[in-house]
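Q: Since the structure of chain P is already known, use the hints to place chains U and R on it.
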Amino acid sequence: MKTITFNQKKTSQIALEFDELIPDEVYSWEKADFEKYMVPIGNSRFPLTDYFDIEVEGSAESPEEIKMILNGDYGRVKYIGTKMGAGEIIVNGPVDLHCGSQMKGGSILVNGDAESYAGREMEGGSLTIMGNTREFCGCSYIGDWRGMNGGTITIHGNAGKQLGECLSGGSIYVKGDCDILAGIHMTKGFIQIDGDVTRWPGGQMKNGDIVINGELGRLLEGFVQQEIVENPEIDGKDFSGKYIKYTGDIALNGKGRLWLDAEKNRHLLY
Amino acid sequence: MEYVLKNGIVYDPANKVAGEKKDVMFKDGKIVDSVSADAKVLDVTDKIVMPAGIDPHAHVAGPKLVVGRIYRPEDSRKGVTHKTDILRSESGFSIPSCPSTGYRYSRMGYGTVVEAAVPPLEAKHTHEEINSTPNLDIVPLSLFGNNWFVLQYAKQNQIEDLAGFIAAWLRLAKCYGVKIVNPCGSEAWGWGMNVHGLDDPAPYWDVTGREVVTALAKANEMLGLPHSVHVHPNDLGHPGNYPTTVSTMEALKDIEKNSTVRGQTMHLTHAQFHAYGGTSWRDADSGADYIADYVNNNDHVTIDVGQVTLDETTTMTADAPMEFDLYKLSGLKWANKDVELETAAGIVPVIYSGKAPVNSLQWAIGLELFLKVNDPWKVCLTTDHPNAGPFIRYPRIISWLMSNERRQEMMDNREVHPWSHRRTSLASLEREYDFNEIATITRAGPAKIYGFQDRGALTPGFNADIAVFDINPNDIDPSRNHEAIEKGFSSAMYTIKDGEILVKDGEIVKVVKSHTLWTDVKGMEEQEKRVMDRVMPDFTKYYTIKFENYQVHDKYLPNPIVTEVQAGK
Amino acid sequence: MANYEPPVTDYESIVENCTCAFCGCNCDDLDYLIKDGHVVGVRHACRLGASKIMEDMDQRLLVPMIRGEDGELAETDWDSALDKAAELIAGAVRPIFYGWSETSIETMHHGLELGELVGAVLDNQATICHGPSLQAVQNAGYPISTLGEVKNRADMCLYTGSNAMNSHPRHMARYSTFPRGYFRPRGRFDRTVVTLDPKYSDTAKMSDIWVGFEQNGDYEFYNAIRAVLKGKKLQKEFISGIPKEDVEELAEAMKNVQFGALFFGLGLTHTLSKQRNIDIAIQMVADLNSYTKWILMPMRGHFNVNGFNIFMAFETGFPYGVDFARGYQRYMNGETNTIDLLTRKECDVFMVIAADPGAHYPGGAVKHLAEIPVIQVDIHWGPSTEIADVVLPGSFVGVEVGGTSYRMDGVPIWMKKAIDKPETCRDDEWIIKEILERVKKIKAEQGALASK
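Chains as they are written, first to last, in the numbering used here: chain P, 32 to 301; chain U, 229 to 797; chain R, 99 to 550.
No lab work stands behind these hints: they were computed from the structure.
Don't take each hint at face value.
What the hints assert, rightly or not - Some chain U residues near chain P, calculated using beta-carbon distances under 8 Å: (1) Arg300; (2) Glu302; (3) Arg305; (4) Gly307; (5) Trp376; (6) Ile736.
Stated by the list, open to error - Computed list of lysine to any residue pairs in SDA-like fashion (alpha-carbon distance at most 25 Å, straight line): (7) Lys311/U / Glu535/R; (8) Lys514/R / Leu400/U; (9) Lys331/R / Leu300/P; (10) Lys114/P / Arg424/R; (11) Lys331/R / Arg249/P; (12) Lys237/P / Lys353/R; (13) Lys276/P / Lys342/R; (14) Lys383/U / Arg424/R; (15) Lys531/R / Ile470/R; (16) Lys541/R / Tyr68/P; (17) Lys311/U / Gly189/R; (18) Lys556/U / Ile470/R; (19) Lys331/R / His298/P; (20) Lys330/R / Asn284/P; (21) Lys741/U / Trp528/R; (22) Lys383/U / Lys311/U; (23) Lys328/R / Leu554/U; (24) Lys67/P / Ser549/R; (25) Lys328/R / Leu557/U; (26) Lys67/P / Gly425/R; (27) Lys234/U / Asp698/U; (28) Lys531/R / Asp313/U; (29) Lys443/R / Gly162/P; (30) Lys311/U / Gly217/R.
Unchecked claim - Here are the simulated distance ranges between beta carbons: (31) Ala655/U / Lys538/R: 58 to 64 Å; (32) Asn102/P / Ser549/R: 50 to 56 Å; (33) Lys353/R / Asn526/U: 42 to 48 Å; (34) Lys303/R / Leu557/U: 41 to 47 Å; (35) Glu61/P / Lys741/U: 47 to 53 Å; (36) Glu728/U / Glu61/P: 45 to 51 Å; (37) Glu543/R / Glu56/P: 33 to 39 Å; (38) Glu86/P / Lys538/R: 53 to 59 Å; (39) Glu66/P / Lys538/R: 29 to 35 Å.
Since we're looking at a predicted model, the values are computed, not measured.
Ideal Cβ positions, reconstructed from N, Cα and C, are used throughout, including at glycine.
Chain P extracted, bound-state conformation (with noise of 0.2 Å):
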């Protein structure tokens, strides 16, 4: 196991990029390495121990012995755990965008916010977020219609618009409130909201599943209500209380479930 600790040293008004800095790529370093080793800062790269000091305990075989502990403001450093297969990163602080993105494997603890894009692409292991997260949330990249396919999202507070966008896979978790258009274009999948939202959820959505528990401001009437189920199996979790079930979105001949708690969402009843 080895242990791998950044302390902030100072911030950078333009934004580091940590795509090299994965447990996949740096589990053989030493600190004389991140001593040696130049962060990407705009279209130059300048010494990574300029901005952090950085601790290195023990000793590791593989990717999976590494723990990586960011501490800091890290709202200027995007990608971090980008494309990681394993390992673990915990960061005390705030990320920037693409945190987690293309990850394909092990775990990444944010207390924090997070900017855009957390969790883009994402294929497996778990991408966790204790404050808000912005737009775009375990989307695609822009213009693919395969999205986000594995691994789990958790995001305890709010997240902002078109969370999971083209989800093909894998699950999310929001414990806070969500903005417009959740799930929208996904095929696949399963998106659970506990607090309210405003407008749209599953918006041109195919297939999957989107629960929300809270309540919705607004439905879309590309979006057939079915019938009110009880203590519904959703995505194989069991559930308990009434759930009004939809499907759509028609509009696409989409077969996704749209599922909302029947007592907070009585007056999109018809």
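A: Same frame as chain P, now just chains U and R:
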């Protein structure tokens, strides 16, 4: 500067050199018989030496390519590379950016590519892209098969005026030859319709594909253009379309050839997409026999194949109604671009998979066509890039053609679906191409089909466009070494263009500007004037651009290669 | 008759078939009336185009300037100004080259080479206007046509989130609604004009049908039309404020035309669901093609805004917001776009070519611009000049210098030169090329120094 390529094994089908160990010499950009003692020696002992490759049909530059690039960032992202001291960064897999297109062809030993579909209204755009594509000479073909003026001339059977129109429009658009796509079908698409077969008239115009193809072929021969009409027949991609293809060829059977530089009066392009039997995709099977038999028994037709490579790619064709059908099958994003008075185009991403029965059938039909057409001078290697697959897969196709063992293996171990052998005769075809035949279908054949008099052969006086591959033909069994063949043809040991070494050991060492080939017809001045007098009133009324701003100015062709043709001679 | 202006008769020569350098219509039928080396009258153009062309000397930037220690712009010579610009660019860590939509493709070539050399972000006005349209195109497709198809065939023209009468005054006159086309010989009388807009705009006023759905209701409205096209009976009485019967009626009408054309503007791109409004409109148009023929088209604003997107796509694979910082191109909305980089205060040198961010950007972005070096290449004084540190006076494409542009439908046009530029100005192409050469020199010196 003088060079000798020493001791290579040369394949130069046009000069009937098939695997001889000999030196190839060039000086000041041209092939020569002899050089002085000062000539620089490039040792290529026991390596394959061929003329540089010529791609007779691809989509590499122009408006629909750019729509593809704009709307498929997920494809552009796939091929991104870091810039180097001499190369710009690349992008794209199925629709590479212009610089990437030039680099990748160059690495494969290619020197010339035909851009097969230029709408004259947007020809400036095509020429801009050609100028941004390095290391290649590009040959644009102009679209005529759904042009409103052509429809009228064809209906009235005014061949001489049509010839005048073609002469004028090739000059306006700075193009090399005549392309016909789904004649009357793309016009029907203006109303969201299509035509079915050769005798279904375009709505409102009362003219059929048969009349259009025949008239254009006659006019093409009246002018004696270096290339014949280049035909993408009706019903592309529809099960049961082979009769349409055969009747299109038959319709042009009796047209008299007026050219000494080529053998055919019709080039049938991406024949694979036009060789389907059955009535629907449920019962579809191969119609390759019918196409191959016709080509074997008639000398007026040549074909290129449009081989499916089993990749995720981007289809794009001026056959817009077909693309909409494809969109409805796949549900993936649909782009379309209709061009006033001239043509239409559709673009849809497609995932060709060996697991899919239909794609496997298409794969097998393409190979059948290669293997069943007996004369390699009549068939060319293409993927109709990017429609059936990206051009970077040519080496893989070569490896399939040279190895029956590999083909059988793919069918046996289910790399392709059983439809590939249940519904075609591919499993029974043991023919394997040799290196000379490969040189024919990728170099000498296309050069002859296009009537090129300066490339495609290692004839003294020709451009020193040469490719050397790190393969020793006397020491390899292509049948058993398909991987080595693919690798060898993927990265040229040398690519030489106009006597300059552009690629060495698979790496680009020099980047040069491309040339644009176009045909300037002389001797039709009177007809052209008559045509312009007739066309101008309608042009002014129905186009949305002024005639002065319609034409392609010389500025857009900084490096032209003009083929002058004396009409009727 | 207070507004009557007599026709211009006092001119020396006419240059015909000039192309208007204003909006994305790129009308190429203008006649310039020339006197004393100036355009004194313009025939055929709309008021927007004519005034831009004729008032070419209004607040014209004529000499290079550098902002001094005192905070004031001071006139200087070309060499000093270009050297200063090159020095700033060569030393930048996160440079952005923004604009390009009112200059020629020929200029862009040099700009791209410079961007690739130093690792800059290249972006154009799409980032603040039709960027969402491009994103939607990337998600949902792009069923378009050239404008002549509309003129010759369309029997329904539908404008949504676009007030073409004001923003693109000749669009309806020259391309869509009024002109007589081959299959529409009676012009306006052969077409139905529909406007979907919360606002009763000038375009709505002259339409046959106006549907004034509620603000931000676009996505829901199009979703309902798609549901109707799939045969669904609508449940809610009102969809985005429109009675369901009206929605059904409109869907039916759209199904039953021969050729429909949907034109959309910033009213669709900049309401609540942003790119998803376009996304669903594109899919609606695709749905309609199962019944009849429909196309759609973004109403592009500047005369070469589409040109930049096309140019970047064929050169780099991506249409706008292309970041070369790492030595290869990256395209990621929200990360490699100008506004995000400015509001995040990441950009450290900003070059603006033929655009006015000072007038168009959100406050936060302009605030950051005021804090960093800004190089301006333009022909007119504007808010951006007030925050510029180096000002390089260019020339007027399509009037004083020729250049290639792409119309909103992708038709390329060579915009020819009609008059000479002011002696002290330089062509945009020359300016960018000069900066490129000077940056190359600095980089070579740096390289030589580093290798010692």
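Q: A separate judgement is required for each hint: does it hold in the structure or not?
A: To see whether the hints hold, each was checked on the structure:
1. Annotation: Arg300/U was flagged as interfacial toward chain P, and the flag holds, the nearest CB pair being 6 Å apart, inside 8 Å.
2. Taken as an interface hint, Glu302/U checks out: its beta carbon lies about 4 Å from the nearest beta carbon of chain P, inside 8 Å.
3. For the restraint placing Arg305/U at the interface with chain P, the shortest Cβ-Cβ distance is roughly 7 Å, inside the 8 Å limit, so the hint holds.
4. Look at Gly307/U: its Cβ only gets to about 14 Å from chain P, farther than 8 Å, so that hint breaks.
5. The beta carbon of Trp376/U comes no nearer than 35 Å to any beta carbon in chain P, farther than 8 Å, and the hint placing it at the interface is violated.
6. Hint status for Ile736/U relative to chain P: violated, with the closest Cβ pair at about 24 Å, above 8 Å.
7. A threshold of 25 Å between alpha carbons decides the hint, and for Lys311/U with Glu535/R the separation of about 19 Å falls inside it, so the pair holds.
8. Using a Cα cut-off of 25 Å, the hinted pair Lys514/R and Leu400/U holds, with the two alpha carbons roughly 17 Å apart.
9. Taking the CA atoms of Lys331/R and Leu300/P, the gap is about 16 Å. The hint holds against a cut of 25 Å.
10. The hinted pair formed by Lys114/P and Arg424/R meets the criterion: a straight-line CA distance of about 17 Å does not exceed 25 Å.
11. For the given pair, Lys331/R sits about 18 Å from Arg249/P by alpha-carbon distance, which is consistent with the 25 Å threshold.
12. The hinted pair formed by Lys237/P and Lys353/R meets the criterion: a straight-line CA distance of about 24 Å does not exceed 25 Å.
13. For the given pair, Lys276/P sits about 23 Å from Lys342/R by alpha-carbon distance, which is consistent with the 25 Å threshold.
14. For a cut-off of 25 Å, the pair hint linking Lys383/U to Arg424/R is broken: about 58 Å separates their Cα positions.
15. With a C-alpha separation of about 23 Å, the suggested pairing of Lys531/R with Ile470/R holds against the 25 Å cut-off.
16. For the hint linking Lys541/R to Tyr68/P, the alpha-carbon distance of about 24 Å falls within 25 Å, and the restraint holds.
17. For the hint linking Lys311/U to Gly189/R, the alpha-carbon distance of about 20 Å falls within 25 Å, and the restraint holds.
18. With a C-alpha separation of about 51 Å, the suggested pairing of Lys556/U with Ile470/R is violated against the 25 Å cut-off.
19. The suggested pairing of Lys331/R with His298/P holds, with an alpha-carbon distance near 20 Å, which does not exceed 25 Å.
20. Restraint check for Lys330/R and Asn284/P: satisfied, since their Cα atoms lie roughly 11 Å apart, inside the 25 Å limit.
21. Annotation: proposed proximity of Lys741/U to Trp528/R holds, straight-line Cα distance about 21 Å (limit 25 Å).
22. Distance restraint check for Lys383/U and Lys311/U: the Cα-Cα separation of roughly 53 Å exceeds the 25 Å cut-off, and the hinted pair is therefore not satisfied.
23. A distance of roughly 20 Å separates the Cα atoms of Lys328/R and Leu554/U; the hinted pair therefore holds under the 25 Å criterion.
24. Between Lys67/P and Ser549/R the CA atoms are separated by roughly 20 Å; this keeps the pair inside 25 Å, and the hint holds.
25. In summary, the hint linking Lys328/R to Leu557/U is supported, as the alpha carbons are separated by about 17 Å, within the 25 Å threshold.
26. With a C-alpha separation of about 21 Å, the suggested pairing of Lys67/P with Gly425/R holds against the 25 Å cut-off.
27. Straight-line distance between C-alpha atoms of Lys234/U and Asp698/U comes to about 14 Å, which keeps the hinted pair within the 25 Å bound.
28. Between Lys531/R and Asp313/U, the direct Cα distance comes to roughly 20 Å. Compliance with the 25 Å bound is thereby established for this hinted pair.
29. Restraint check for Lys443/R and Gly162/P: the C-alpha separation of about 23 Å stays at or below 25 Å, so the hint holds.
30. For the given pair, Lys311/U sits about 11 Å from Gly217/R by alpha-carbon distance, which is consistent with the 25 Å threshold.
31. In this structure the hint that Ala655/U and Lys538/R lie 58 to 64 Å apart at CB holds, the actual value being about 60 Å.
32. Distance hint for Asn102/P and Ser549/R: a CB-CB separation of about 39 Å, inconsistent with the stated range 50 to 56 Å.
33. For Lys353/R and Asn526/U, the hinted distance range of 42 to 48 Å is satisfied, since their beta carbons lie about 47 Å from each other.
34. The supplied range of 41 to 47 Å is met by Lys303/R and Leu557/U, whose beta-carbon atoms lie about 43 Å from each other.
35. A beta carbon spacing of about 50 Å between Glu61/P and Lys741/U agrees with the range 47 to 53 Å that was offered as a hint.
36. Checked against the hint of 45 to 51 Å, the C-beta distance between Glu728/U and Glu61/P comes to roughly 49 Å, which is consistent with it.
37. Roughly 35 Å separates the CB atoms of Glu543/R and Glu56/P, a value that falls within the hinted 33 to 39 Å.
38. The hinted window of 53 to 59 Å between Glu86/P and Lys538/R is violated, with their beta carbons roughly 43 Å apart.
39. Glu66/P and Lys538/R have their C-beta atoms about 34 Å apart, which keeps the hinted 29 to 35 Å range intact.
Figure legend: structure checked against the earlier numbered hints; hints not met, in rising order: 4, 5, 6, 14, 18, 22, 32, 38.
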